[in-house]
Amino acid sequence: MLEISDLVTAYGKIEALKGVSLQIAGGRITCLLGPNGAGKTTLMMTIAGILQPRRGSIRLDGAELVGLSPARIVAQGVALVPENRLVFPQMSVRENLLAGAYQRGDKAGISADIERMYQRFPRLAERREQLAGTLSGGEQQMLAVARALMSRPRLLLMDEPSLGLAPLVVAEVFRIVADLDRDGTTIFLVEQNAHMALQVARHFYLMEQGRVTFDGTPGELAEDEVIQRAYLGTRRATA
Amino acid sequence: MDDYLIGVLSNIGIISFIALSAYVLLLTGEISFGQQAFFAIGAYASGIATALWHWPLAAGLAWGAAAAAAAAALVGVPTLRLHGLYFAIATLAFAEMVRLLFELFHYQVLIDGELVGPNGAEGFRNIRYIFDNNIDATEFLVLVYVLLSATLLGFFLLERSRLGVIFRMTGEDEVLAELSGVAVGRYKVLAAGIAGTLAGIGGGLYAHLTTYVEPRIFDVMLGVHSLAYGLIGGLGTALGPLAGVLIDIGVLESTRWFAGYRMIVFGGLVAVLLIVRPRGLLDEVVVRNIRKAWRRTSPLRLGPHEKQGQP
Amino acid sequence: MTDFVQNTLDGLMIGSSYGLLALGFTLIFGVMRRLNLSYGPSIMVGAYLGTFVYVQFGASPIAVAALAVAGAVLAGIYVERLCFAPMGPGAGIASMVSSFAIWMQLEQAAILVLPRHTYPYPPLAAVAPLMLGPFMVRLDHLIMLVAAIALSTGMHLLLYRTRFGLALRAIIGNPVAAHLVGVNVRTAMLGAFALASGIGGIAGYLVLAADQQVTSMFGMWATIKGLIAMMIGGLGSIPGAVLGGLVLGIIEMHGQWYFGSQVRDLIAYFLLFACLVLRPGGLLGDAPTRETAAYGRRA
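Chains as they are written, first to last, in the working numbering: chain D, 1 to 239; chain L, 1001 to 1311; chain E, 2001 to 2299.
For reference, chain D alone in the conformation it holds in the complex (with noise of 0.2 Å):
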């Protein structure tokens, strides 16, 4: 669904991305993994359309993103739960979903798309009227996702949803995104925790330093000696 070609972005003279490819099948969960600095973030911006390329494309289906502003990436059908949530601190959970359905006409069916969310995130629906900015973490990050998930996207991008949370929520936040997995969501997940990831994803990348180093299966994540030192902790005796 989404294929990323040489990617490069920089920040003045420093090359954050330096020549990323990768693709994202649609219906399944792909996670990215990678230590901080790698340049994930950095990429979910680019996709997002809030930062330019130098060089490089990204086509969704076929349509070419780059140089297109973020809110016509927005009406491509993509959408970004950013780092860090950035929920509207003084709006209420009410309207910041409604701000995440901002490109879309139909009241009707977003009233509909609101309740589901209550629905589907009971703690929102219990501070419907409260504002964002007073939630806790795990429910701002709750909202972060609700209010991406108001645009119907057809690709979902989430980044580091689980920074900051108490593994706890964290293990709430993957519900929910093994929920969205089983309704058919398109997502693509950054992530530090590759624990979680793991449960969810079906198929890794890994970033460092700016260039994808390993592209694969979790099977093949998982044997990998290497990364199995570096990012999922584990100590085996070698053979």
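One or more hints might be untrue.
Selected chain E positions facing chain L (in silico; Cβ < 10 Å) [to be verified]:
id	residue
1	Ala2091
2	Gly2092
3	Ser2095
4	Met2096
5	Gln2105
6	Ala2109
7	Ile2224
8	Leu2227
9	Val2263
10	Leu2266
Computed Cβ-Cβ distance ranges for the label pairs, DEER-style [unchecked claim]:
id	chain 1	residue 1	chain 2	residue 2	range
11	L	Val1146	E	Gln2212	45 to 55 Å
12	L	Ser1161	D	Arg211	36 to 46 Å
13	D	Gly109	E	Leu2157	23 to 33 Å
14	D	Glu3	L	Val1265	42 to 52 Å
15	E	Gln2212	L	Gly1113	41 to 51 Å
16	E	Thr2153	L	Tyr1004	54 to 64 Å
17	L	Asp1173	D	Ser136	25 to 35 Å
18	L	Glu1122	E	Pro2120	22 to 32 Å
Everything labelled a hint here was simulated from the structure, so no lab data went into it.
Ideal placement from N, C-alpha and C gives every residue a C-beta, glycine not left out.
Please build the complex by placing chains L and E on the supplied structure of chain D, with the hints as guidance.
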């Protein structure tokens, strides 16, 4: 040299002081719309010293600079916690207060049957020191540029000193500077004092050149201009603000066919320039490249960095 | 006592136009996180356009008002396109300096076209002042107050009941997230600018019609009043802008009554300075955080 050129050059020199005053604060990362207040204090204080108290010029200028420095340091303290836009507007408010206070300030002394001294909104006339002592225009021009050169030398040394590094560190990231052990508050007040001194010197020179000052001169326009010079000319070096002053006063003032349209042209040019070079002409990157090129082509090895074996 | 109430009433009314000026200022700042120093001058362009048709063609007050607003909006769009739209995210200072340069440009252009120090403005209501008991209320001042209430209410409705308002609130809340939900931020910012200029244009017209003249100092005056009122009320706060304007108006009126106009201005600036040092967030705004204070820091 004809009188008009001398006049323009003197003006450039004097305004450079207030441009450099704003520049010092920009180094520490703060925008000030209010350096004209210290320019005014320097003007009035030195004028009072020479015209009312019969002090010699040097003492009068020093007194003006000291008064301005003290006022600047004093204002620097309550505004320490302010940053960015809040600080900038506070400086604007302060400068306008100073201007309005000068409009209410009367201090006149009878000299030779005439009342001399600041007279509120009517201003301060007869700051006639240079005429009474037969200092001609050329001599005064030399004085201005001697002081300016000394100031530039000071900046040159500052850039290469620990203090200069501290100022730029504070300008880049104040929190990081504090964590690195810099007593940021003290240095900001110091910077404010230095800035005030520079503006005060400029003000003193201005008062004696024109022999007449009034509060209306020291308005927001002057303040924003002095800030703009640095932001247009570039903040990589003390020559940046000077470049800004030179462009504004030098080129446009003396091309008389611009006369009525000067600001229309200048304003438009500045706006376009800032789109292309938002950090000014001589910004840090340009200055670093110039320095690198200079080091490469010059047979002279300047500075301690060269001794580390860098080819 | 009568004087006190009379001054307070007058202060409320003139303060309402300060509030409108502050409203435009704060809208631009809230949305763009940048200070527009050309705000007053662009209103002045509209004001000069209005006086021009009045003096040349004897236009009616409605025509003058319409042109004053239109002129302000056009000038505002000019400023936005030149000083704000082309600048990248880190160039807040450059935008501000650029807006200052254009301030000078607009002022000089206006003075070239209309060189005299003062020009007449048609009065808003050529009737005698109303008497409410012992208190005198000028009709044009009353219109000012009503207009301010109407515009603030309209602004509130716009922000909370329209799609454009949602876009603005999203940008004010978190600019990156606004992009991510599909708001066309550049267009919304242009719209905010035009709206702010329009409100400023109305405020300017009301003040000038009450004064029955426009002077060449008007641009600076409008910027300063708007700025002070905005900071007192709280940077980026819409109700704060209105409240700040009213407070400023009342304090000015009393200051002028007891001490004269020079001290009046001195008091206004002192109020601003004290407010910034003691309570930078103003009456209704939030205390500045490191991020908000960074707007305007050379970085």
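Going down the list of hints, with the structure as the test:
The closest approach between the C-beta of Ala2091 (chain E) and any C-beta of chain L is roughly 4 Å, which is under the 10 Å cut-off, so the hint is satisfied. At its closest, the beta carbon of Gly2092 (chain E) sits 9 Å from a beta carbon of chain L; the interface hint therefore holds under the 10 Å criterion. Look at Ser2095 (chain E): its Cβ gets to within about 8 Å of chain L, closer than 10 Å, so that hint holds up. The criterion of a C-beta within 10 Å of any C-beta in chain L is met by Met2096 (chain E), whose closest approach is roughly 8 Å, and the hint holds.
Hint on Gln2105 (chain E) holds. Least Cβ distance to chain L is approximately 3 Å, under the 10 Å limit. Below 10 Å, beta-carbon pairs count as interface contacts, and Ala2109 (chain E) has one with chain L at about 6 Å; its hint therefore holds. Because the beta carbon of Ile2224 (chain E) sits about 8 Å from the nearest beta carbon in chain L, less than 10 Å, this interface hint is met. Against a cut-off of 10 Å between C-beta atoms, the interface hint on Leu2227 (chain E) holds, since the closest Cβ of chain L lies about 7 Å away.
The beta carbon of Val2263 (chain E) is positioned within 10 Å of a beta carbon in chain L (closest approach about 8 Å), and the interface hint is therefore held. Evaluation of the Leu2266 (chain E) hint against chain L yields a held restraint, the C-beta minimum of about 4 Å falling below 10 Å. At about 54 Å, the beta-carbon gap between Val1146 (chain L) and Gln2212 (chain E) stays in the expected band of 45 to 55 Å. Under the hint 36 to 46 Å, the C-beta atoms of Ser1161 (chain L) and Arg211 (chain D), about 42 Å apart, fit the expected range.
Range check, Gly109 (chain D) to Leu2157 (chain E): Cβ separation about 25 Å, and the 23 to 33 Å hint holds. Range check, Glu3 (chain D) to Val1265 (chain L): Cβ separation about 51 Å, and the 42 to 52 Å hint holds. The given range of 41 to 51 Å is respected by Gln2212 (chain E) and Gly1113 (chain L), whose C-beta atoms sit roughly 46 Å from each other. For the pair Thr2153 (chain E) and Tyr1004 (chain L), the supplied restraint of 54 to 64 Å holds, since their beta-carbon distance comes to about 59 Å.
Checked against the hint of 25 to 35 Å, the C-beta distance between Asp1173 (chain L) and Ser136 (chain D) comes to roughly 30 Å, which is consistent with it. At roughly 29 Å, the beta carbons of Glu1122 (chain L) and Pro2120 (chain E) sit within the given window of 22 to 32 Å.
Figure legend: structure checked against the earlier numbered hints; every hint is met.
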